[in-house]
Amino acid sequence: MNMELQSEKTAELVTALTKASGQIKVARKDSENPFFHSRYADLSAITEASREALISNDLVVTQSTSIELNQMVLVTTLHHVSGQWIRGYYPITAVKADPQSMGSAVTYARRYALSAMLGIVSEDDDGESAMGRTAQSTQQIKQMDRSEPKEAYFSTLPTEEPRAVPADWKQAIIHFGKSKGKSLGSLTSNSLRWWIKEWQPQPFKGKLNAIDIALRTELDKAQIELGLAEDKAQELA
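Position in the sequence shown (first residue = 1) + 4 = the working numbering.
Calculated directly from the structure, the hints in this document are not laboratory data. Computed from a predicted structure; not experimentally measured. All C-beta atoms in this analysis are idealised placements derived from N, C-alpha and C, irrespective of residue type, glycine included. Each hint should be verified, as a subset may be incorrect.
What the hints assert, rightly or not - Pair ranges (Cβ atoms, derived): (1) Ser-68 <-> Lys-23: 23 to 33 angstroms; (2) Asp-172 <-> Thr-192: 11 to 21 angstroms; (3) Lys-186 <-> Glu-229: 13 to 23 angstroms; (4) Asn-194 <-> Val-79: 28 to 38 angstroms; (5) Lys-23 <-> Lys-184: 29 to 39 angstroms.
Claimed, not checked - Okay, derived cross-link-like pairs now, EDC-like style, lysine to aspartate or glutamate, Cα gap no bigger than 20 angstroms in a straight line: (6) Lys-29 <-> Glu-72; (7) Lys-23 <-> Glu-72; (8) Lys-13 <-> Asp-62; (9) Lys-186 <-> Asp-172; (10) Lys-225 <-> Asp-172; (11) Lys-184 <-> Glu-202; (12) Lys-29 <-> Asp-62; (13) Lys-29 <-> Glu-12; (14) Lys-184 <-> Asp-172; (15) Lys-174 <-> Glu-202; (16) Lys-23 <-> Glu-52; (17) Lys-225 <-> Glu-202; (18) Lys-174 <-> Glu-229; (19) Lys-225 <-> Asp-102; (20) Lys-29 <-> Glu-52; (21) Lys-29 <-> Glu-8; (22) Lys-29 <-> Glu-56.
Working from the sequences, and respecting the hints, build out all of it.
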């Protein structure tokens with residue numbers, strides 16, 4: 005595996021990136037995150053925040069996928085007109101190898117990898133996303149032996165068996181977080197859209213929770229029925 009991180013020389017690229025950094029805009033939080041009752045900058049907002057600065061300084065970013073040691077990774081490369089480049093790798097983990105799950109995972113990876121590569125921040129970004137969520141997830145893990153685990157971005161119930169498959173995705177119940185106990189059909193359109201496009205089960209100690217997988221399956225059904233697959237395809241274009 006040859007995962008190079010930069011070209012032999014990078015002086016011209018660094019000079020251009022330094023200039024671009026002063027021109028990159030703050031990404032607008034145009035999308036809603038119902039789980040944290042907050043808004044966030046989606047992939048299109050992050051791309052738009054950097055587009056003009058990159059073009060005016062002879063820079064361009066490419067993002068593609070590759071397989072390294074049986075693991076799909078997102079390869080994000082910042083190119084300079086001189087031929088110099090720097091590169092980063094982001095592992096992609098999807099619940100299932102179907103277009104909907106893979107599309108969600110790739111979009112998620114592209115958003116964070118691009119922000120990290122260019123140092124893009126969002127409106128009123130005071131570190132809550134990095135610090136608050138991490139602290140919350142860490143606290144949840146500490147509470148695993150208690151009957152009611154704390155809310156976090158992912159469920160930590162790896163041994164629990166999946167519930168009966170609902171007859172309709174609208175009847176599927178969210179089993180954790182601030183939306184715990186709500187059915188998918190009871191969510192607002194914006195909230196449901198966020199769950200479909202952004203939420204992915206996260207492994208705990210290398211294993212995925214069966215209930216998380218079941219919820220993701222119902223979200224995929226909702227995505228197909230509501231025609232959101234086309235929206236996701238446009239994001240990835």
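Now for the hints, and whether the structure bears them out:
no., hint, in the structure
1, Ser-68 <-> Lys-23: 23 to 33 angstroms, "holds (26 angstroms)"
2, Asp-172 <-> Thr-192: 11 to 21 angstroms, "holds (18 angstroms)"
3, Lys-186 <-> Glu-229: 13 to 23 angstroms, "holds (18 angstroms)"
4, Asn-194 <-> Val-79: 28 to 38 angstroms, "holds (32 angstroms)"
5, Lys-23 <-> Lys-184: 29 to 39 angstroms, "violated (48 angstroms)"
6, Lys-29 <-> Glu-72, "violated (33 angstroms)"
7, Lys-23 <-> Glu-72, "violated (33 angstroms)"
8, Lys-13 <-> Asp-62, "holds (16 angstroms)"
9, Lys-186 <-> Asp-172, "holds (14 angstroms)"
10, Lys-225 <-> Asp-172, "holds (9 angstroms)"
11, Lys-184 <-> Glu-202, "holds (17 angstroms)"
12, Lys-29 <-> Asp-62, "holds (17 angstroms)"
13, Lys-29 <-> Glu-12, "violated (30 angstroms)"
14, Lys-184 <-> Asp-172, "holds (18 angstroms)"
15, Lys-174 <-> Glu-202, "holds (18 angstroms)"
16, Lys-23 <-> Glu-52, "holds (17 angstroms)"
17, Lys-225 <-> Glu-202, "holds (15 angstroms)"
18, Lys-174 <-> Glu-229, "holds (11 angstroms)"
19, Lys-225 <-> Asp-102, "holds (12 angstroms)"
20, Lys-29 <-> Glu-52, "holds (8 angstroms)"
21, Lys-29 <-> Glu-8, "violated (29 angstroms)"
22, Lys-29 <-> Glu-56, "holds (9 angstroms)"
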